[in-house]
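Construct the complete structure from the given sequences, taking the supplied hints into account.
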Amino acid sequence: MDDLDRRARQKIKRRLKRGNMDTRQPPDFIIIGAQKGGTTSLYRYLTEQPAVGGATKKEVHYFDRNFDKGLGWYLAHFPKRDEFEVVGESGPSYLFHPDVPGRVRELLPEAKLIVLLRNPVDRAYSQYQMRTRRQGEADTFEGAIAEELEHLRLAGDVARPQSGVHFQLARGIYVDQLKRWLRLFPRQQMLVLQSEPFFARPEAGLDRALAFLDLPAWRPAQFEIHNPGGFYGEMQPETRQRLAAYYAPHNRRLYDLLGTDFEWDEA
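For the sequence shown, the positions run 1298 to 1564 when my numbering is used.
These are computed hints drawn from the structure, not numbers from a lab.
Don't take every hint at face value.
[Stated by the list, open to error] Have a look at the derived ranges for each label pair, beta carbon to beta carbon:
1. Arg1378 / Glu1439: 50 to 58 Å
2. Gly1556 / Ala1518: 33 to 41 Å
3. Phe1496 / Thr1437: 20 to 28 Å
4. Ala1501 / Arg1450: 38 to 46 Å
5. Tyr1552 / Arg1498: 19 to 27 Å
6. Glu1380 / Asp1436: 43 to 51 Å
7. Pro1534 / Gly1367: 45 to 53 Å
8. His1374 / Asp1558: 35 to 43 Å
9. Ala1501 / Leu1479: 20 to 28 Å
10. Ala1518 / Asp1558: 30 to 38 Å
11. Lys1377 / Phe1520: 24 to 32 Å
Even for Gly, the Cβ is constructed at its ideal location relative to N, Cα and C.
Pasting the structure below:
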């Protein structure tokens, strides 16, 4: 460890101590996304394990929406020290938000990161459906996609969460989001799970997550699907084909980065 790295870690320890480090246990892991990828279910399964503690609410949103509230506010959401072997939180928007990787790296450089990635075509439609249920949506899915494409064209393909656009499309370009994180965190500190196998056999995904956290295999009483969403009607076939073509080159870059093919382009 060089002097610069040592000084940085000492600074982090001082900040954590000022922010209730003496009484609260900061997260050992963070589920960073993707939104609509199964994050709620995985987080619930993990925090049902007796050795794992969670935040007072599933999504604290400190690193994206509430960063100005300070470290003490953030740590107050977590258990007291030594209550659990491992503590974690889930922020499905963390993967997408460009400022979050640096903030997490500064505060929690050793935190383990868990990512669930879903076929981006289905993920985009699920996000649209969620917004329709919660807020009402006057536009069709096709209209919302056209609006976002125009926004990205005018913005030079720069997707900023503060712009007010919901980014159904941009959130599914996973490769660029992962690269932001991997510039700051080593690959071995990140577990990437494909959502479709997790939906079909959650026990296998849970086993991998527990092993990643150095915890023994464990099963909840039942594998209930949390926050399942659901579609109110099928996507138009031509829309699916258009989105599959849009994502295909980005998916290939993702497969090259991870060294694995999720076969989304064949779905």
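Tell me the numbers of any earlier hints that the structure contravenes, in ascending order.
none
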